[in-house]
Amino acid sequence: MLKKRIIPCLDIKDGQTVKGVQFEGLRFAGDPIELAKKYVLQGADELVFLDITATIEKRATLVELVKRIAAEINIPFTVGGGIATVEDAAACIAAGADKVAINSAAVRRPELISDIASRFGSQCVVLAMDVKPFDGEWKVVIQSGKEPTEWSAVNWAKEVEKLGAGEILLTSMLGDGSKKGFSLAFTEVIASAVSIPVIASGGAGSANDFYELFSQTQASAGLAASLFHFDELSIPDLKNDLKNKNIAIR
Amino acid sequence: MIAIIDYGAGNITSVRNSLRRLNVEVLLTHKKEELLQADKIIFPGVGEAGYAMKQLIDKDLVDFIPQLKVPVLGVCLGMQLLCRHTEEGDVSCLNVFETNVKAFPKLNIGDKIPHMGWNNHTAVNGSLFEGIGCDEDFYFVHGYYAELNLQTVATSDYIVPFASALRKNNFYATQFHPEKSADPGERLIKNFLKL
Chain C
0 MLKKRIIPCL
10 DIKDGQTVKG
20 VQFEGLRFAG
30 DPIELAKKYV
40 LQGADELVFL
50 DITATIEKRA
60 TLVELVKRIA
70 AEINIPFTVG
80 GGIATVEDAA
90 ACIAAGADKV
100 AINSAAVRRP
110 ELISDIASRF
120 GSQCVVLAMD
130 VKPFDGEWKV
140 VIQSGKEPTE
150 WSAVNWAKEV
160 EKLGAGEILL
170 TSMLGDGSKK
180 GFSLAFTEVI
190 ASAVSIPVIA
200 SGGAGSANDF
210 YELFSQTQAS
220 AGLAASLFHF
230 DELSIPDLKN
240 DLKNKNIAIR
Chain G
0 MIAIIDYGAG
10 NITSVRNSLR
20 RLNVEVLLTH
30 KKEELLQADK
40 IIFPGVGEAG
50 YAMKQLIDKD
60 LVDFIPQLKV
70 PVLGVCLGMQ
80 LLCRHTEEGD
90 VSCLNVFETN
100 VKAFPKLNIG
110 DKIPHMGWNN
120 HTAVNGSLFE
130 GIGCDEDFYF
140 VHGYYAELNL
150 QTVATSDYIV
160 PFASALRKNN
170 FYATQFHPEK
180 SADPGERLIK
190 NFLKL
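Protein sequence lines correspond, in order, to chains C and G. With numbering that gives the first Met the number 0 as the guide, the letters of the first sequence map in order to residues 0 to 249. With numbering that gives the first Met the number 0 as the guide, the letters of the second sequence map in order to residues 0 to 194.
Hints are computed from structural coordinates only; laboratory data are not their basis. These figures come from a predicted structure and were not determined experimentally. The reader is advised that the hints may include incorrect statements.
[Unchecked claim] Here are the simulated DSS-like cross-link-like pairs (lysine-lysine), alpha carbons at most 30 Å apart as the crow flies: (1) LYS242/C with LYS161/C; (2) LYS161/C with LYS138/C; (3) LYS105/G with LYS66/C; (4) LYS178/C with LYS2/C; (5) LYS2/C with LYS58/G; (6) LYS179/C with LYS66/C; (7) LYS53/G with LYS105/G; (8) LYS66/C with LYS167/G; (9) LYS58/G with LYS105/G; (10) LYS167/G with LYS157/C; (11) LYS179/C with LYS138/C; (12) LYS101/G with LYS161/C; (13) LYS53/G with LYS2/C; (14) LYS105/G with LYS242/C; (15) LYS189/G with LYS37/C; (16) LYS36/C with LYS30/G; (17) LYS189/G with LYS36/C; (18) LYS53/G with LYS167/G; (19) LYS66/C with LYS30/G; (20) LYS68/G with LYS66/C; (21) LYS178/C with LYS37/C; (22) LYS58/G with LYS66/C; (23) LYS58/G with LYS157/C; (24) LYS138/C with LYS105/G; (25) LYS2/C with LYS145/C; (26) LYS242/C with LYS12/C; (27) LYS53/G with LYS161/C; (28) LYS178/C with LYS12/C; (29) LYS31/G with LYS244/C; (30) LYS157/C with LYS138/C; (31) LYS105/G with LYS161/C; (32) LYS189/G with LYS2/C; (33) LYS242/C with LYS178/C.
[Unchecked claim] Label-pair restraints from in silico Cβ distances: (34) ARG108/C with GLN36/G: 29 to 37 Å; (35) GLY29/C with GLU129/G: 35 to 43 Å; (36) PRO147/C with PRO104/G: 38 to 46 Å; (37) GLY14/C with ASN107/G: 43 to 51 Å; (38) LEU26/G with PRO132/C: 49 to 57 Å; (39) PRO235/C with GLY132/G: 39 to 47 Å.
Cβ coordinates follow ideal geometry from the N, Cα and C atoms, glycine included.
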C-alpha cells in the first residue's frame, strides 16, 4: 500500500536553515546538511529545500549545496527557490536533486512547466503554489506572498496538471507558521480537482493536524518546517501516532 | 569494476552517489569496450521511454545490452526498457523480460498518477531481497508499470498489482529506486554487488 508522506521543509538563506512566520521574521535553525541527515535517520519520507534568497549571484552556492545534500542523503529531495528557467532546473537536477519546485516563474511563464517536464519528466516538476483567501475565494499569490495574481487556486491547479506538473506543493499562507492546523476543506478542494499528488503545507502544529489531513483529505503528503526544526514534534513520534490511528505510514 | 550505462538518464548522479556511500567507485560510460570490462552493470533511468530508446539507438546499445553476460541491474525506466514494449511513446524495447509496460489506469476517483512515494512489496524470491522484509518500503515514482509475468520476483500494488522486480538469468531489475530508498535500498544494492 502506498504510504502517506511526511516531508520536512528546510528554508535556506545564505546556506543556513531559517524559518519565519508568514514568510517574515526569520529564525535560524541550523546547518541544512546536519538537519537533513537527522531527518533521514528519523524516517522522513522526502525533503524539500527552498532557497528563499535565491538570486543569480547565489545560484552557484545553491548548486554546491545541492551536490553536498545529494552526496549525503539516500531519500528523494526537492529543491526550489527562484527557479526561473530550464537551465536553473537542469543545474539543480544535474547536481543531484530529484525534483525542482517552481513557483512565481511558472505563473509568469506557464510554459516553463512543460519545458522542464518534457526535458526531465513530469516526476521532476513540483509546482509550488502559495494561496490566500480574498473575499472567500482562494487565490494564488507570488513573490513570497507579496504579489496577488488573477488565478483562482483551483483553476491554476488544473492548469499546471495539464501543463505537465507531477505534483503540487500547496501552501496556505493563512496557515504558514501559525500552527493552527492545515486548511483542510481547501486542501480537499484542490486534491480532488487534480489527479496528481498534492503535498499540503502551512499550519501544521501537532500530530493531530497530520491525522486530520490524512483522514479528511486526499492529500498525499504533509509538509512542515519549524515544528520539526525546533523539536516541538519529532518525526518518529508523529509517525507512531499516525500508525496507531491506522494511517498508512512508512 | 562497476559500470553505469551513461545514456543521458536523469538519475545517474543519484545512483553514483549511492555507490559512493558504500565506498564503491563506478565508471560512467556508454562505450562497449569499457562496459565489457565491467564485473557488474547498472542500467538506470528516469525520463521518457521514447526519448531514452532513441538515446540507446544513437549509442548503438540496443542489440548490445541484452547480450551482456555479467549481472545487470535495471532501475525504474531502466527496468521498463528491458521489457518487450512500452505504452509510453509506443516503443519497442530491449526484449529481455517477456512482459509489457502499460500506463496506470485511473480506476477510481482519487487515484493519483504517477505512483509516487513509498510502497511495500511481496518479494517472491531472489537474492536481491535477502534480508529485506516485505513490510519494508521502497521509493517509487512512475506513471507506467510492467505487467506480472513468470520473471516477476517481487510484486507491489497500486491501483493494479504490478511487477516491482524482475529477474531473468543475469538480468535483475527494480521498478523502485533503491538509490533513494534509505536503508532497504542500500541493502538491495549491497545484495546486487555481492552477486
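Verification of the hints:
no.: 1; hint: LYS242/C with LYS161/C; in the structure: violated (34 Å)
no.: 2; hint: LYS161/C with LYS138/C; in the structure: holds (19 Å)
no.: 3; hint: LYS105/G with LYS66/C; in the structure: violated (37 Å)
no.: 4; hint: LYS178/C with LYS2/C; in the structure: holds (24 Å)
no.: 5; hint: LYS2/C with LYS58/G; in the structure: violated (39 Å)
no.: 6; hint: LYS179/C with LYS66/C; in the structure: violated (35 Å)
no.: 7; hint: LYS53/G with LYS105/G; in the structure: holds (28 Å)
no.: 8; hint: LYS66/C with LYS167/G; in the structure: violated (35 Å)
no.: 9; hint: LYS58/G with LYS105/G; in the structure: violated (36 Å)
no.: 10; hint: LYS167/G with LYS157/C; in the structure: violated (42 Å)
no.: 11; hint: LYS179/C with LYS138/C; in the structure: holds (20 Å)
no.: 12; hint: LYS101/G with LYS161/C; in the structure: holds (21 Å)
no.: 13; hint: LYS53/G with LYS2/C; in the structure: violated (34 Å)
no.: 14; hint: LYS105/G with LYS242/C; in the structure: holds (27 Å)
no.: 15; hint: LYS189/G with LYS37/C; in the structure: holds (23 Å)
no.: 16; hint: LYS36/C with LYS30/G; in the structure: violated (36 Å)
no.: 17; hint: LYS189/G with LYS36/C; in the structure: holds (21 Å)
no.: 18; hint: LYS53/G with LYS167/G; in the structure: holds (24 Å)
no.: 19; hint: LYS66/C with LYS30/G; in the structure: holds (26 Å)
no.: 20; hint: LYS68/G with LYS66/C; in the structure: violated (34 Å)
no.: 21; hint: LYS178/C with LYS37/C; in the structure: holds (22 Å)
no.: 22; hint: LYS58/G with LYS66/C; in the structure: holds (28 Å)
no.: 23; hint: LYS58/G with LYS157/C; in the structure: violated (39 Å)
no.: 24; hint: LYS138/C with LYS105/G; in the structure: holds (29 Å)
no.: 25; hint: LYS2/C with LYS145/C; in the structure: violated (35 Å)
no.: 26; hint: LYS242/C with LYS12/C; in the structure: violated (34 Å)
no.: 27; hint: LYS53/G with LYS161/C; in the structure: holds (25 Å)
no.: 28; hint: LYS178/C with LYS12/C; in the structure: holds (22 Å)
no.: 29; hint: LYS31/G with LYS244/C; in the structure: violated (54 Å)
no.: 30; hint: LYS157/C with LYS138/C; in the structure: holds (13 Å)
no.: 31; hint: LYS105/G with LYS161/C; in the structure: holds (16 Å)
no.: 32; hint: LYS189/G with LYS2/C; in the structure: holds (25 Å)
no.: 33; hint: LYS242/C with LYS178/C; in the structure: holds (22 Å)
no.: 34; hint: ARG108/C with GLN36/G: 29 to 37 Å; in the structure: violated (46 Å)
no.: 35; hint: GLY29/C with GLU129/G: 35 to 43 Å; in the structure: holds (38 Å)
no.: 36; hint: PRO147/C with PRO104/G: 38 to 46 Å; in the structure: holds (39 Å)
no.: 37; hint: GLY14/C with ASN107/G: 43 to 51 Å; in the structure: holds (45 Å)
no.: 38; hint: LEU26/G with PRO132/C: 49 to 57 Å; in the structure: holds (55 Å)
no.: 39; hint: PRO235/C with GLY132/G: 39 to 47 Å; in the structure: violated (19 Å)
Hint compliance for this structure: hints 1, 3, 5, 6, 8, 9, 10, 13, 16, 20, 23, 25, 26, 29, 34, 39 are broken, all remaining hints hold.
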